[in-house]
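Enquirer: This is what each chain is made of:
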Amino acid sequence: MAQKSFRDALNEAMHLEMERDPSVIVLGEDVSGGAGGTSGHREASGGIFGVTKGLLPKFGEHRVIDTPISESAIIGAAGGAALAGLRPVAELMFADFVGVSMDQIFNQMAKFRYMFGGKTRCPAVVRLAMGAGMNMGAQHSQTIYNFMTAVPGLKVVIPTNPYDAKGLLIQAIRDDDPVMYFEHKALYPRKGEVPAEAYTIPFGEANVLREGEDVTVVAIGRMAVFAEKALDAVAKDGISCDLIDPRTTSPLDEETILESVENTGRLVIVDESPPRCSVAHDIAAIVASKGFKSLRAPIQIVTAPHTPVPFAPSLERAYVPGPAKIEAAIRAVLK
Amino acid sequence: MAQPLSAERLKRAYRQMKTIREFEERLHVEIATGEIPGFTHLYAGQEAVAVGVCEHLDDADYIVSTHRGHGHCIAKGCDVDGMMLEIYGRADGLCKGKGGSMHIADFEKGMLGANAIVGGGPPLAVGAAIACRNRGSGKVSIAFGGDGSCNQGTVFEAMNMAVVLKVPAIFVIEDNGYSEHTGASYAVGSKDIAGRSRAFGMAAEKCDGADFFSVYETAGKLIGAARSGAGPATLEAKITRFYGHFEGDPQLYRAKDEVKQQRESMDCLKNFRARVTKEGWLTDADLDAIDAAVLAQIEAAVKKAKASAPPAESEITTDVYISY
Numbered sequence: 001m002a003q004k005s006f007r008d009a010l011n012e013a014m015h016l017e018m019e020r021d022p023s024v025i026v027l028g029e030d031v032s033g034g035a036g037g038t039s040g041h042r043e044a045s046g047g048i049f050g051v052t053k054g055l056l057p058k059f060g061e062h063r064v065i066d067t068p069i070s071e072s073a074i075i076g077a078a079g080g081a082a083l084a085g086l087r088p089v090a091e092l093m094f095a096d097f098v099g100v101s102m103d104q105i106f107n108q109m110a111k112f113r114y115m116f117g118g119k120t121r122c123p124a125v126v127r128l129a130m131g132a133g134m135n136m137g138a139q140h141s142q143t144i145y146n147f148m149t150a151v152p153g154l155k156v157v158i159p160t161n162p163y164d165a166k167g168l169l170i171q172a173i174r175d176d177d178p179v180m181y182f183e184h185k186a187l188y189p190r191k192g193e194v195p196a197e198a199y200t201i202p203f204g205e206a207n208v209l210r211e212g213e214d215v216t217v218v219a220i221g222r223m224a225v226f227a228e229k230a231l232d233a234v235a236k237d238g239i240s241c242d243l244i245d246p247r248t249t250s251p252l253d254e255e256t257i258l259e260s261v262e263n264t265g266r267l268v269i270v271d272e273s274p275p276r277c278s279v280a281h282d283i284a285a286i287v288a289s290k291g292f293k294s295l296r297a298p299i300q301i302v303t304a305p306h307t308p309v310p311f312a313p314s315l316e317r318a319y320v321p322g323p324a325k326i327e328a329a330i331r332a333v334l335k
Numbered sequence: 001m002a003q004p005l006s007a008e009r010l011k012r013a014y015r016q017m018k019t020i021r022e023f024e025e026r027l028h029v030e031i032a033t034g035e036i037p038g039f040t041h042l043y044a045g046q047e048a049v050a051v052g053v054c055e056h057l058d059d060a061d062y063i064v065s066t067h068r069g070h071g072h073c074i075a076k077g078c079d080v081d082g083m084m085l086e087i088y089g090r091a092d093g094l095c096k097g098k099g100g101s102m103h104i105a106d107f108e109k110g111m112l113g114a115n116a117i118v119g120g121g122p123p124l125a126v127g128a129a130i131a132c133r134n135r136g137s138g139k140v141s142i143a144f145g146g147d148g149s150c151n152q153g154t155v156f157e158a159m160n161m162a163v164v165l166k167v168p169a170i171f172v173i174e175d176n177g178y179s180e181h182t183g184a185s186y187a188v189g190s191k192d193i194a195g196r197s198r199a200f201g202m203a204a205e206k207c208d209g210a211d212f213f214s215v216y217e218t219a220g221k222l223i224g225a226a227r228s229g230a231g232p233a234t235l236e237a238k239i240t241r242f243y244g245h246f247e248g249d250p251q252l253y254r255a256k257d258e259v260k261q262q263r264e265s266m267d268c269l270k271n272f273r274a275r276v277t278k279e280g281w282l283t284d285a286d287l288d289a290i291d292a293a294v295l296a297q298i299e300a301a302v303k304k305a306k307a308s309a310p311p312a313e314s315e316i317t318t319d320v321y322i323s324y
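Each protein sequence line maps, in turn, to chains A and B.
Mapping the first sequence onto my numbering, position 282 (from 1) lands on 282, and the numbers just tick up by one.
Mapping the second sequence onto my numbering, position 59 (from 1) lands on 59, and the numbers just tick up by one.
Treat the hints loosely; a few may be bogus.
Unchecked claim - What follows is a list of derived Cβ distance ranges for each label pair:
{"no.": "1", "chain 1": "B", "residue 1": "Val320", "chain 2": "A", "residue 2": "Gly60", "range": "47 to 55 Å"}
{"no.": "2", "chain 1": "B", "residue 1": "Ser323", "chain 2": "A", "residue 2": "Pro22", "range": "22 to 30 Å"}
{"no.": "3", "chain 1": "B", "residue 1": "Tyr253", "chain 2": "A", "residue 2": "Pro313", "range": "30 to 38 Å"}
{"no.": "4", "chain 1": "A", "residue 1": "Glu19", "chain 2": "B", "residue 2": "Ser314", "range": "37 to 45 Å"}
{"no.": "5", "chain 1": "A", "residue 1": "Ala297", "chain 2": "B", "residue 2": "Ser314", "range": "49 to 57 Å"}
{"no.": "6", "chain 1": "B", "residue 1": "Arg26", "chain 2": "A", "residue 2": "Glu61", "range": "17 to 25 Å"}
{"no.": "7", "chain 1": "B", "residue 1": "Gln261", "chain 2": "A", "residue 2": "Asp21", "range": "36 to 44 Å"}
{"no.": "8", "chain 1": "A", "residue 1": "Tyr199", "chain 2": "B", "residue 2": "Ile316", "range": "50 to 58 Å"}
{"no.": "9", "chain 1": "B", "residue 1": "Arg9", "chain 2": "A", "residue 2": "Asp21", "range": "52 to 60 Å"}
{"no.": "10", "chain 1": "A", "residue 1": "Gly60", "chain 2": "B", "residue 2": "Arg263", "range": "34 to 42 Å"}
{"no.": "11", "chain 1": "B", "residue 1": "Arg26", "chain 2": "A", "residue 2": "Ala44", "range": "44 to 52 Å"}
{"no.": "12", "chain 1": "A", "residue 1": "Arg317", "chain 2": "B", "residue 2": "Val320", "range": "36 to 44 Å"}
To be verified - In silico PhoX-like links for lysine-lysine, alpha-carbon gap of 25 Å or less:
{"no.": "13", "chain 1": "B", "residue 1": "Lys306", "chain 2": "A", "residue 2": "Lys119"}
{"no.": "14", "chain 1": "A", "residue 1": "Lys335", "chain 2": "A", "residue 2": "Lys293"}
{"no.": "15", "chain 1": "B", "residue 1": "Lys11", "chain 2": "B", "residue 2": "Lys278"}
{"no.": "16", "chain 1": "B", "residue 1": "Lys306", "chain 2": "A", "residue 2": "Lys58"}
Worth flagging that the hints you see were computed from the coordinates, not collected in a lab.
Fair warning: this is a prediction, and the values are worked out from it, not measured in the lab.
Here a beta-carbon is modelled for each residue, glycine too, at the ideal position from N, C-alpha and C.
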């Protein structure tokens, strides 16, 4: 099977779905780029992260829509197009820009089906590039999927590897509910095996990346990559862990997490967001209320600190929970 | 002047306006009884705008509406009984009682929803206009909004994007003089909504919102151009509302006799009647018959709503997702 990057897996998913279904459109800032430029190079960008490359030449300007920098209008247009029967994939560029388009997400697309008595659907996908680690500063580095996970009506997807990225994006595009699709910027170059054909991965089914006896580690997004390193380190001391990647935080596969905790009795949760009202704390609350009897030690929660994302590389390194912190938490939960 | 619409179409337009008026007048009475939950924003006074625009549309054209949306819903063909049921919070309402006055939608009629966020609708209308453009259907997408909404950044974004993408979106701005409790003369900095829209690069026209024929003719021109690929446009309608921002609003911001005077001088129903009878297009008897039929229809709708059941408690968790 071919090795492909996370970025290329996403790109392939959009190519396949746009070919399959003429109602799929892509819109956002610089999704192709170059419109109105002086070089005449029409696809000058293909997305700021290159994820939408090649779509414009193949599918044309009516389906691959370069927009002004108008996040409310981008997300709103996606919502309206979805109500009118299209399947839009809106790129918000940096997840942080949710701030300027929040109304269109949480008051509009999230609520249409419920407010309107189940008589419509809003099959829109919003792609959001998230995460710290590239020295992009406080307004271009956040994870913020916890905001979205809290909103009834939205589905929240956080892929961690190229195979999942493709299958989850195809599922998101075919899904009839609005989906917030978070892509960690640091994962774009990550390579993995990706089949050429279209396939879907259902939402609400966690991926058990490793199986073990002693500790359950739940790690979200890029944290799953760091958790694997931490697991390698503790394995040298004979400690084995279940490593669970939830893949979607809404719906959340509670069952897989609770079953694992039933076996191990110890839980470490790793989340790149700041701690308050985080997905990590939500999972901790679920396990505390539904799996309390299984727990043999207090739950260890590894998150970023309650601060904005700092700029200086030395500070940002300290901000992101890395393998060492995860390893320490695994050892602590076993004490 | 040549008769702009057939007698049948004129009767239909009058009936639509009268239905909106009586729907709202009756709500004004019923709300005072405390039987209707929540709060309600009445459209009475503005009927000619909704009807003058929607008479150019069919079910495959789209509209998005506002918190003051009953008029747009009726003008676009939403079922009056279903609307009344919805406003009473009944299970058989158009949105199963889960939307209420500010969230009525009817997708089979191309009514993509009333929207309780001021300025929330125009970006959605641009999206629906993209769908119209991509299908090459010649259909249009209308965003109704008020003078208050036209100061929202979302409206500026939507207008600009509609121009950039050259999609058939029409922004109908109903300047009823007040953004909630604040005068438009204060809150609209430029005092010229059409001019501001024009600055985005689109056609924009003004019309007299109390005159069905003024709205109908101006809207027709802009909608016709949009259907044939001219891109977006704005229609600014000067109008008033006969009630407060919401029912129960003491309206301390309005001069004592303002509404009374406006009911004399700016009533689209009176204006319509005067015009069509003077021109000999319809008779008073034609219109009186419509009046009687509408009153009976509203009476029946209220009776039905009062007698209907609320949604079962189990409905609370349905329709959040299609699959979860």
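Enquirer: Hints the structure violates: just list their numbers, smallest first.
Expert: Numbers 1, 3, 5, 6, 7, 8, 9, 10, 11, 16, in rising order.
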